[in-house]
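What follows is the residue order along each chain.
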Amino acid sequence: MDDFTNLRVSPPQSVQEALDLGHVYHDQLVAAMPGLLVHRGDTILHCSATLARLLGYETTESVQALPSAMALVPEDDQHTEKDVYARCLKGLIRSQVRRIKRHRADGSIQWFDQLMESVDWGGQPAVMEMLTLMRPLAANAELPHQEQLLQAAIDAMPNGVLMLDSDLNVEGANSEFYRLWDYPVGMFPPGTAVGLILTYNHSRGDYGDVPCEETVAALCNRFRVKGIYNSERRVPNGRTLDIRNAPRADGGYVITHHDITDRKRIEDELRQAKERAEAILKELRETQRQLIVQEKMAALGQLTAGIAHELKNPLNFVNNFAELSGELLDELLELLEPLNDHLDDATRVDVNDLAGSLQGNLRKIADHGRRADNIVKSMLAHSRGGGGEWQTTDLNGLVEEALTLSYHAFRAQDRSFNATLERRLDAAVGEVKLVPQDISRVLVNLFTNSFYAVRKRQLICGDSTYKPTLMITTETRESYVSVRIRDNGIGMSPAVIEKLFTPFFTTKPTGEGTGLGLSLSYDIVVHQHRGRFDVSSIENEHAEFTITLPRSVTAMSLGERRKT
Amino acid sequence: MTLGILVVDDEPDIEDLFRQRFRAELRRGELALHFASSGEEALKSLSSGLQPEAVLVLSDINMPGMSGLDFLQHLRAEAPHVPVIMVTAYGDTENRRRALDIGATELVTKPVDFVALKKLVQSVIVQKTAA
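Protein chains in written order, with UniProt numbering: chain A, 1 to 564; chain B, 1 to 131.
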């Protein structure tokens with residue numbers, strides 16, 4: 001097969017036969033050439049016998065049986081070769097020789113010099129690689145034996161080596177250096193200024209869009225610094241190199257290129273793992289904090305309810321006896337009426353005065369008793385069990401209803417109050433399973449607070465252009481729905497937000513608020529509905545309350561958790 | 001005719017409260033109030049015979065010792081015809097259902113609305129007088 005010149009060939013009888021003969025000759029010629037590999041995508045279309053032999057395979061068929069041409073390419077070169085093959089298929093051919101590595105059948109590495117062309121194979125473009133065993137460069141062939149040995153030694157090194165003289169001219173380089181940088185073989189013979197190599201790097205875009213002269217000058221200067229020249233760089237083959245500069249005694253430099261891609265990858269993986277672990281830890285801490293808050297709230301709620309129960313009975317007596325005493329006093333005064341005539345004027349004035357004070361005091365006891373009674377009732381709401389029922393409810397409807405109710409109730413107390421209500425209700429929210437009574441209570445509470453905040457800001461600032469505004473947004477996200485209420489009222493300081501859900505905490509003047517509204521709302525949203533309650537605010541700018549409810553939740557009654 | 005009412009509650013001040021609230025009826029001699037501070041005491045005084053006989057019993061539910069519901073059960077067995085009104089601080093459906101199941105005539109929640117209670121007592125008085 002190799003010696004095809006001696007093959008006996010019968011003369012062709014037709015044009016077709018002549019063409020066939022031409023093909024045979026072509027095939028024979030191709031088979032005898034230095035290693036030849038034709039492939040397209042994952043398919044190896046042709047492998048010459050010479051190449052099979054150079055790669056240590058018995059037959060060309062065993063090369064063609066490989067899954068793809070990439071199987072021959074060592075892992076650290078895959079990135080570049082894929083790129084180069086793709087460019088070649090598009091017809092972008094580089095006329096220079098590339099120095100490359102290929103796997104032999106036994107897994108060892110063989111260096112080649114490679115030429116590449118785009119050829120037409122069966123009507124479609126294919127990549128034709130011509131591979132020759134790496135030859136000594138013409139410039140190196142002239143070297144004395146000792147230096148040839150030295151060249152062979154540095155060629156065998158696994159790192160890229162570039163040697164420069166004291167004027168930064170190339171003295172020599174090894175194959176790995178050419179491969180790492182994908183430099184055409186023979187382009188930079190000894191004596192080439194390193195600045196020229198760097199200029200070539202710039203011309204092919206290695207440094208990005210930076211001015212050429214300044215960049216090259218700056219990089220040249222760094223070669224003169226002992227130790228690290230450019231500790232890390234990504235090179236065209238997609239690898240990361242650690243480039244170091246070792247000055248020689250004679251004033252020259254040895255520049256070594258260590259491939260640290262794998263180390264970098266491991267470092268990156270470790271860093272990512274660490275970041276993930278830290279993120280999880282942070283999340284855990286946050287969850288723990290929330291749990292503590294929840295527990296605290298639950299304990300406070302329990303305490304609150306307990307106190308309320310204990311207070312209820314004595315308070316009933318206070319209220320009852322206060323009322324009775326009033327009645328009894330009236331009866332007493334009626335009985336004493338006839339005696340008034342027997343009293344002198346001064347005494348009568350004193351008696352009437354005292355009786356008036358007594359009646360006044362009893363009225364006060366009754367008033368404050370009623371106030372205390374209202375507080376106790378709110379407190380008991382915390383522990384009320386099984387009051388409301390879980391129902392599939394149109395959330396937007398519930399929001400609308402609560403908004404109207406709160407607005408009218410607020411306006412009933414303060415006729416001059418008006419607010420802009422911006423509704424952004426997403427129809428996709430639809431129906432949600434919840435306890436409508438309780439959620440409505442939460443919403444009314446939040447709306448009323450918002451009205452209070454905008455009204456207060458309006459009264460304080462006295463600015464006639466200030467427009468009290470509430471923005472009500474409903475949203476649906478996967479398995480959650482949320483209601484966001486934002487007002488442009490007086491807002492809250494971080495210190496206030498911190499204590500917001502604590503029972504009895506209120507910013508309203510004594511007697512105006514029980515401090516139980518938000519505490520109860522929190523209980524309803526977080527404990528009963530397994531939802532979230534988020535608050536954000538900037539003082540005198542806005543306050544925003546967001547309640548997030550799961551679409552489906554195991555029905556729980558308020559206070560149920562506490563019974564355990 | 002004087003009708004006896006038995007009030008069962010562990011709070012001693014209940015006596016003053018009821019006596020003052022019903023002072024007009026007591027003064028007119030329409031009512032006589034008996035008090036017991038526990039279910040046990042109430043059962044004892046009922047069986048020993050109260051004068052005048054109690055035609056209505058008002059009982060708290062939450063009491064130390066025998067609970068109001070236990071007392072109700074005993075009373076139903078011994079005197080099935082005496083109407084019993086249960087008084088509770090917890091207006092929950094569970095207590096209401098249990099009390100009515102056992103045979104309470106009515107269930108009122110604390111704080112007791114005396115206006116309503118008086119009407120209730122009046123209606124019992126009217127029934128008894130008619131009988």
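Treat the hints as calculated values from the structure; they're not laboratory data. Incorrect hints may appear among the rest.
What the hints assert, rightly or not - As a list, the in silico BS3-like pairs of lysine-lysine whose alpha-carbon atoms are at most 27 Å apart:
{"hint": "1", "chain 1": "A", "residue 1": "508", "chain 2": "A", "residue 2": "282"}
{"hint": "2", "chain 1": "A", "residue 1": "467", "chain 2": "A", "residue 2": "456"}
{"hint": "3", "chain 1": "A", "residue 1": "101", "chain 2": "A", "residue 2": "82"}
{"hint": "4", "chain 1": "A", "residue 1": "274", "chain 2": "A", "residue 2": "264"}
{"hint": "5", "chain 1": "B", "residue 1": "128", "chain 2": "A", "residue 2": "312"}
{"hint": "6", "chain 1": "B", "residue 1": "44", "chain 2": "B", "residue 2": "128"}
{"hint": "7", "chain 1": "A", "residue 1": "312", "chain 2": "A", "residue 2": "264"}
{"hint": "8", "chain 1": "A", "residue 1": "296", "chain 2": "A", "residue 2": "274"}
{"hint": "9", "chain 1": "A", "residue 1": "296", "chain 2": "A", "residue 2": "282"}
{"hint": "10", "chain 1": "A", "residue 1": "364", "chain 2": "A", "residue 2": "377"}
{"hint": "11", "chain 1": "A", "residue 1": "377", "chain 2": "A", "residue 2": "264"}
{"hint": "12", "chain 1": "B", "residue 1": "110", "chain 2": "A", "residue 2": "377"}
{"hint": "13", "chain 1": "A", "residue 1": "364", "chain 2": "B", "residue 2": "110"}
{"hint": "14", "chain 1": "A", "residue 1": "377", "chain 2": "B", "residue 2": "119"}
{"hint": "15", "chain 1": "A", "residue 1": "377", "chain 2": "A", "residue 2": "467"}
{"hint": "16", "chain 1": "A", "residue 1": "101", "chain 2": "A", "residue 2": "296"}
{"hint": "17", "chain 1": "A", "residue 1": "312", "chain 2": "B", "residue 2": "119"}
{"hint": "18", "chain 1": "A", "residue 1": "296", "chain 2": "A", "residue 2": "364"}
{"hint": "19", "chain 1": "A", "residue 1": "312", "chain 2": "B", "residue 2": "118"}
{"hint": "20", "chain 1": "A", "residue 1": "101", "chain 2": "A", "residue 2": "90"}
{"hint": "21", "chain 1": "A", "residue 1": "377", "chain 2": "B", "residue 2": "128"}
Output the indices of the hints that this structure fails to meet, ascending. Hints 1, 5, 7, 8, 11, 15, 16, 18, 21 contradicted; others consistent.
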